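Model the full structure from these sequences, guided by the hints.
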Amino acid sequence: ELVEGRRAALKTIEEREASERARLKKLETEQSKLKKLLAERARKAKAKAKAKAKGGSGGSGALSYPVNAYVSSSFGYRIHPIYNVRRLHTGTDFGVACGTPVKAARSGTVILAGWAGGYGNRIVVDHGLVSGSGLATDLQPPVVDRGVRRLGEGRPSDRLRRARTG
Numbered sequence: 001e002l003v004e005g006r007r008a009a010l011k012t013i014e015e016r017e018a019s020e021r022a023r024l025k026k027l028e029t030e031q032s033k034l035k036k037l038l039a040e041r042a043r044k045a046k047a048k049a050k051a052k053a054k055g056g057s058g059g060s061g062a063l064s065y066p067v068n069a070y071v072s073s074s075f076g077y078r079i080h081p082i083y084n085v086r087r088l089h090t091g092t093d094f095g096v097a098c099g100t101p102v103k104a105a106r107s108g109t110v111i112l113a114g115w116a117g118g119y120g121n122r123i124v125v126d127h128g129l130v131s132g133s134g135l136a137t138d139l140q141p142p143v144v145d146r147g148v149r150r151l152g153e154g155r156p157s158d159r160l161r162r163a164r165t166g
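The opening position of the sequence shown corresponds to residue 1 in full-length UniProt numbering, with each subsequent residue numbered one higher.
Possibly wrong hints are sitting among the right ones.
Label pairs and their in silico Cβ distance ranges [stated by the list, open to error]: (1) Ala-97 - Glu-4: 41 to 51 Å; (2) Asn-68 - Arg-6: 42 to 52 Å; (3) Lys-26 - Arg-78: 17 to 27 Å; (4) Asn-68 - Gly-5: 47 to 57 Å.
As a list, the in silico EDC-like pairs of lysine to aspartate or glutamate whose alpha-carbon atoms are at most 20 Å apart [stated by the list, open to error]: (5) Lys-103 - Asp-126; (6) Lys-44 - Asp-126; (7) Lys-103 - Glu-40; (8) Lys-36 - Asp-126.
Hint data in this document are derived by calculation from the structure and do not stem from the laboratory. Keep in mind the model is a prediction, meaning the values are calculated, not measured. Where is the CB? At the ideal position from N, CA and C, for every residue including glycine.
Written out as structure tokens, the structure is:
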């Protein structure tokens, strides 16, 4: 009986691991697509800026926080919370309650919006900078429509709110 119980537990763990690995693969694929999209937009923005430039470029290089909250996980290497391995965390997480309004970090146009697997409902905002796009994840639906919504810096959208995450 004990052996059968251990076999059943091992099978459950192996199934969970396979499921999590499949989920991770989907997220990595989504991340790769997003990186390509952002790289193309950055290339176009750089070309546009170069065409407009007359000896210099402006900009502070800063984006404001989308919420008034503490940073719960910074950009950089950390121990992955599920796989317990050191990995690059490519974002900044903020500790806010469900329903908290999310503001634009800088004015811009929504270029992607909708469900994104492990990211939940998310939007990507093109801020018109050479490498300045913002990603907001774990939002409550409905999420804004791509390309038709301009967001002003620091102004909360009536439709962007923090959702509950697991």
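Verification of the hints:
1. Ala-97 - Glu-4: 41 to 51 Å: holds, 44 Å
2. Asn-68 - Arg-6: 42 to 52 Å: holds, 49 Å
3. Lys-26 - Arg-78: 17 to 27 Å: holds, 21 Å
4. Asn-68 - Gly-5: 47 to 57 Å: Given range 47 to 57 Å: holds, Cβ gap about 50 Å.
5. Lys-103 - Asp-126: Within the cut-off at roughly 14 Å; holds.
6. Lys-44 - Asp-126: With a Cα-Cα distance of about 12 Å, the restraint between Lys-44 and Asp-126 holds, given a limit of 20 Å.
7. Lys-103 - Glu-40: Distance of about 25 Å is beyond 20 Å: violated.
8. Lys-36 - Asp-126: holds, 14 Å
Of the numbered hints stated above, the single one contradicted by the structure is hint 7.
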